[in-house]
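Protein sequences, first through last, are from chains Y and V.
Basically this note's numbering = 1-based index in the first sequence + 930.
Basically this note's numbering = 1-based index in the second sequence + 137.
Among the hints, erroneous ones may be present.
Stated by the list, open to error - Cβ-Cβ distance ranges computed for the label pairs, FRET-style:
1) V/GLY434 - Y/GLU955: 52 to 60 Å
2) Y/GLU955 - V/ARG141: 29 to 37 Å
3) Y/ASP985 - V/VAL542: 51 to 59 Å
4) V/TYR554 - Y/ALA988: 34 to 42 Å
5) V/GLN414 - Y/ASP982: 36 to 44 Å
Derived from the structure by calculation, the hints contain no laboratory data.
The beta carbon of each residue, even a glycine, is placed where N, CA and C say it ideally should be.
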Amino acid sequence: MRAILTTVGQDKTGIIAGVSSFLAEKDINILDLSQTIMNGYFTMMMVVDVSDEADFSALSTELKELGKKLGVEINIRNEKMYAAMHELGGGLE
Amino acid sequence: MDLRRIMETVNMIDNENLDLRTTTMGISLLDCIDSDSDRACQKIYDKITTKAENLVKVARELETEYGIPIANKRITVTPISLIAAASGDSDYVKYAVTLDKAAKAVGVDLIGGFSALVHKGYQNGDRVLIKSIPQALKETERVCSSVNVGSTRSGINMDAVKEMGQIVIENEKINPLNNGNLVIFCNAVEDNPFMAGGFHGVGEGDVALNVGVSGPGVVKTALEKVKGESMDVIAETIKQTAFKVTRMGQLVGQEASKRLGVDFGIVDLSLAPTPAQGDSVANILEEIGLESVGTHGTTAALAMLNDAVKKGGIMACSHVGGLSGAFIPESEDAGMIAAAEKGILTVDKLEAMTAVCSVGLDMIAVPGDTPAETISAMIADEAAIGMINNKTTAVRVIPVPGKDVGDSIEFGGLFGYAPIMPVHKESSAAMINRGGRIPAPVHSFKN
Chain Y
931 MRAILTTVGQ
941 DKTGIIAGVS
951 SFLAEKDINI
961 LDLSQTIMNG
971 YFTMMMVVDV
981 SDEADFSALS
991 TELKELGKKL
1001 GVEINIRNEK
1011 MYAAMHELGG
1021 GLE
Chain V
138 MDLRRIMETV
148 NMIDNENLDL
158 RTTTMGISLL
168 DCIDSDSDRA
178 CQKIYDKITT
188 KAENLVKVAR
198 ELETEYGIPI
208 ANKRITVTPI
218 SLIAAASGDS
228 DYVKYAVTLD
238 KAAKAVGVDL
248 IGGFSALVHK
258 GYQNGDRVLI
268 KSIPQALKET
278 ERVCSSVNVG
288 STRSGINMDA
298 VKEMGQIVIE
308 NEKINPLNNG
318 NLVIFCNAVE
328 DNPFMAGGFH
338 GVGEGDVALN
348 VGVSGPGVVK
358 TALEKVKGES
368 MDVIAETIKQ
378 TAFKVTRMGQ
388 LVGQEASKRL
398 GVDFGIVDLS
408 LAPTPAQGDS
418 VANILEEIGL
428 ESVGTHGTTA
438 ALAMLNDAVK
448 KGGIMACSHV
458 GGLSGAFIPE
468 SEDAGMIAAA
478 EKGILTVDKL
488 EAMTAVCSVG
498 LDMIAVPGDT
508 PAETISAMIA
518 DEAAIGMINN
528 KTTAVRVIPV
538 PGKDVGDSIE
548 FGGLFGYAPI
558 MPVHKESSAA
568 MINRGGRIPA
578 PVHSFKN
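Using the sequences and the accompanying hints, generate a full structural model.
Here it is, written out as structure tokens:
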């Protein structure tokens, strides 16, 4: 499944490194990445490839915990969610 | 995808209370009819617990995968008055208890369908079911009941209107909160995923999954960005926001039905508020430019809101159904509560608002000494609005013993609390006691 991982929080060193090394450990490939400062906050989006066999619930919980450690908010959601909302015909079958 | 769009979605969910208000599995019980009520109840229990076995599990999976809360998981069934009629039993409490047990077994919040459709007249099962409502609601926790007393095609059954006023008073004597689980309709729909008025109509398939979206907070935030713009811009902004909110419902509903192996029924486009800060339909109307909901202009603003929500939502999903519009419950909306407490929002104004939005007098707390005939007359007024305007209207009214205007009643959780609203003291009894039927309106003759 393609998923979108979002990270928002105060900018500081090590956020990208922290998130990407966690993903590498889990063997999750990053397909796309963009980041900016939005409303004063570091805001990052990664498109990642999560294996269909992976435990998505556990992954989501671990990412939230990682976010706490890094002092940012991390969420992961199925990419279809964003496509459905913002593209005509997106995400639907 | 554009990072800004992604963050817009994240904000809707994390900060603006966007959720899927309900995933509701409709289950037909027509194949459970049996002249032996014990056998019928066993078949009902078995069918519900089999068909809905994975409903909560799949809903939880989707909550995690899509990162969107699904506030309620529910079941609707065929109106029990039709299922139980073959049994010849003198009360149907046993059926309600069975529904309650099945709901608890599969872990759903509520189960709707302890219902009767009497808009033109009563069959025997309807009479028994309606008389059983007070005891059924007393003995169960999750069962919801509804009665359809009128329709545009057939007029209003004033005998049923009279009786339902009495049933509300009977509930009040047992536990006033039980009236929160009873809705009296005109033009009830067969695929309503919302409670307490949901049931699975006889024209529906064996099993269908329906979803109800929410999103008042999202609409309010979108409108904050177009301050001072014309009503055209406001309507367009609501439309675009409703599209996004509804799309989320379509996506999750489609995935849920696929995983459950059942047909996807409809998306209900209702803007359903909760007492949470910022999740209020009243606050949307105030953002449009009213000092308080209930003042002059409220009906016009609500009419535009309701229409724009539909226009945006219809494009976003394959099948629209249920009630679809804006809900204006007194208790479940912090803005409505505030306006009612100040006496700005009255039952009369709410009645006018129900002519242009999706439901009716919803979760209205009234003084404990309100006579049954006055309740019936409130039901009759709402039914008349529904009948003439070709729309669903409903009454969920809660007389509270020993309380009067200035007091309030606490419902807890999603239901919030409600200040007691004044009702007219002048009697409607002579009219209600006439009974009979109000004939169908002239515009019902379309064939």
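Comparing the hints with the structure gives:
Separated by about 58 Å at the C-beta atoms, V/GLY434 and Y/GLU955 satisfy the suggested range of 52 to 60 Å. For the pair Y/GLU955 and V/ARG141, the supplied restraint of 29 to 37 Å holds, since their beta-carbon distance comes to about 30 Å. For the pair Y/ASP985 and V/VAL542, the beta carbons lie near 55 Å from each other, so the given range of 51 to 59 Å is met. The hinted window of 34 to 42 Å between V/TYR554 and Y/ALA988 holds, with their beta carbons roughly 39 Å apart.
The hinted window of 36 to 44 Å between V/GLN414 and Y/ASP982 holds, with their beta carbons roughly 39 Å apart.
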